[in-house]
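A.B. asks: Each chain, letter by letter, is given below.
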Amino acid sequence: MSLFQLLNGLTFAALLFVVASGFTLIFGLLRIVNLAHGALYLFGGYIGFTIATKLGSFTLGILGAMAAVAVMGFALNEGLLRFVRGFELRQVLLSLGVAFVLNDMSLVIWGGDSFTVPIPEELMGGFRVFGTFYPKYRLFVLLMGILIFIGLWVLINKTRLGALIRAGVDDAEMVEAAGINIQRVFLMTFLLGSALAGMGGVMGGAFLSLYPSADSEILVFSLAIVIIGGRGSLIGVGVGSLMVGLLNTMGQVMFPELAYFVIFGPMAAILAFRPMGLFGKAV
Amino acid sequence: MLEVKDLHSFYGAAHVLHGASLQVAPGEVVALLGRNGMGKTTLIRSIMGLTPPTVKQGDVIWKGETITRMKPHDIANKKIAIVPQGRRLFSSLTVTEHLTMFKSARATEGWTIDRIFSTFTRLCERRHHRGSQLSGGERGMLAVARALMQDPELILMDEPSEGLAPVMVQHLEGVIAELGRTGLGILLVEQNLYSALAVSSRVYIMETGKVVHSATSEELAKDEGAVQRWLGVHG
Numbered sequence: 004m005s006l007f008q009l010l011n012g013l014t015f016a017a018l019l020f021v022v023a024s025g026f027t028l029i030f031g032l033l034r035i036v037n038l039a040h041g042a043l044y045l046f047g048g049y050i051g052f053t054i055a056t057k058l059g060s061f062t063l064g065i066l067g068a069m070a071a072v073a074v075m076g077f078a079l080n081e082g083l084l085r086f087v088r089g090f091e092l093r094q095v096l097l098s099l100g101v102a103f104v105l106n107d108m109s110l111v112i113w114g115g116d117s118f119t120v121p122i123p124e125e126l127m128g129g130f131r132v133f134g135t136f137y138p139k140y141r142l143f144v145l146l147m148g149i150l151i152f153i154g155l156w157v158l159i160n161k162t163r164l165g166a167l168i169r170a171g172v173d174d175a176e177m178v179e180a181a182g183i184n185i186q187r188v189f190l191m192t193f194l195l196g197s198a199l200a201g202m203g204g205v206m207g208g209a210f211l212s213l214y215p216s217a218d219s220e221i222l223v224f225s226l227a228i229v230i231i232g233g234r235g236s237l238i239g240v241g242v243g244s245l246m247v248g249l250l251n252t253m254g255q256v257m258f259p260e261l262a263y264f265v266i267f268g269p270m271a272a273i274l275a276f277r278p279m280g281l282f283g284k285a286v
Numbered sequence: 002m003l004e005v006k007d008l009h010s011f012y013g014a015a016h017v018l019h020g021a022s023l024q025v026a027p028g029e030v031v032a033l034l035g036r037n038g039m040g041k042t043t044l045i046r047s048i049m050g051l052t053p054p055t056v057k058q059g060d061v062i063w064k065g066e067t068i069t070r071m072k073p074h075d076i077a078n079k080k081i082a083i084v085p086q087g088r089r090l091f092s093s094l095t096v097t098e099h100l101t102m103f104k105s106a107r108a109t110e111g112w113t114i115d116r117i118f119s120t121f122t123r124l125c126e127r128r129h130h131r132g133s134q135l136s137g138g139e140r141g142m143l144a145v146a147r148a149l150m151q152d153p154e155l156i157l158m159d160e161p162s163e164g165l166a167p168v169m170v171q172h173l174e175g176v177i178a179e180l181g182r183t184g185l186g187i188l189l190v191e192q193n194l195y196s197a198l199a200v201s202s203r204v205y206i207m208e209t210g211k212v213v214h215s216a217t218s219e220e221l222a223k224d225e226g227a228v229q230r231w232l233g234v235h236g
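Just so you know, the protein sequences line up as chains A and B, in that order.
First residue of the first sequence: 4, per the numbering used here; consecutive thereafter.
First residue of the second sequence: 2, per the numbering used here; consecutive thereafter.
Don't take every hint at face value.
[Unchecked claim] Simulated pairs of lysine-lysine, DSS-like, Cα-Cα distance not exceeding 30 Å: (1) A/161 with B/6; (2) A/284 with B/104; (3) B/223 with B/57; (4) B/80 with B/6; (5) B/6 with B/72; (6) B/80 with A/161; (7) A/161 with B/79; (8) B/211 with B/57; (9) A/161 with B/72; (10) A/57 with A/139.
Hints were generated in silico from the structure; no laboratory data involved.
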């Protein structure tokens, strides 16, 4: 594996981390099986693409996509998912239905063509990394992945909101009985998770491009990452993203015909020996 | 201050509270006694608005306001706190996080983290430990401390001495008695008659979902018949 391929794996892992960290907040911590997460990623990507194209600002594209997808997350959580709280099978069916609706809406609004989110001039071109010329934008994605990891770690482990989220996951009724509106805390967490999907959509849309089935691909990767890393574990998502990102790149280069097996084979093995994932805890 | 009137609560179709009534005056320590399965915990959960059970009839009145069927966080914000059965600490939070999650560590009014640590010195020593790493006694102390950080005017304590070593029970009795002297109202569910009599001024006894007997602690201590009849204890 060359340095170029290693960096490809790492930068893909960083993008996967952004999306999967949002997924683990919702699926892992809140125990909501939101299979519309991939659709939120793609919808966010399209919204970011439209804003970045019309206004000529990549930053506004990211912020706009995050805000719009958070609003969609609010509607999804308050309008639908709250009625099936605690019923995982119903959540699966409901969120899958929402994913289909969102995908069809994307087709109506943006058509079936493939789009690439325009990136700012400063991120165009490349750097020389240990003698290998590598695109600046993908290094930016890697940096963002690292910054979001640090930000989420601080949020969950060092802030009052993070303590409330962890306490709520342990025992929501006791947090409620101590005077905290836990549903509001969970809603904020859901919105944050959704906004991360939107952000991932714009970041990924600039180098993987946006097309009608991109949502299911990213959803399957996110599921694999959370299952490998363990539900609700941020470190687990980090390690899972690295594994999936690197294995995916390595598989495509070395065993192209077995590319998916290279990811899902180890996932199956981990599930067989550690059903809770590498860093997951029994609930 | 707290008045429970003719409360009927259900777990699904099971009718558990059959018109329970009691009162706790401001700053009073009242014990709620009764054998297992008589509805004590159900009554505490009903007062706190926790579901299940479902309250279908009757009222919980707090400082003149009906709080029946309010959300638990709204009831807690009216300065009623709970020390639940089994402590129910948060396994992923440290001792300090248990105390600061509801109130800033820099708060200077009411119960502060410094005041908690000077009252429960053992918790201060263990402040970086997680809830799941504490001993039974420390868990009991932390559950009480967590409730105090909400600056309550009334605490509902559901068997705080359950599973504790005798020396820890004694320590806890001392803390409860001391809290009572500070003007805090306490409704204390206890299996241990002697523990309850040691700290409370009045007692209620529950039998099959109803309060069937009310007396001062002194009266009950002398009333061997009532103790035997309702609690099955030889005094």
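A.B. asks: Each hint needs a verdict: does it hold in this structure or not?
C.D. replies: Cross-check of the supplied hints:
1. A/161 with B/6: Answer violated: residue 161 of chain A to residue 6 of chain B is near 44 Å, above 30 Å.
2. A/284 with B/104: With Cα atoms ~28 Å apart, residue 284 of chain A and residue 104 of chain B stay inside 30 Å; holds.
3. B/223 with B/57: Roughly 37 Å between the alpha carbons, so the hint for residue 223 of chain B and residue 57 of chain B is violated.
4. B/80 with B/6: holds, 20 Å
5. B/6 with B/72: holds, 19 Å
6. B/80 with A/161: holds, 27 Å
7. A/161 with B/79: holds, 28 Å
8. B/211 with B/57: Since the Cα atoms of residue 211 of chain B and residue 57 of chain B sit roughly 15 Å apart, the hinted pair holds (cutoff 30 Å).
9. A/161 with B/72: holds, 28 Å
10. A/57 with A/139: holds, 23 Å
Checked against the numbered hints given earlier, this structure breaks hints 1, 3; the rest are met.
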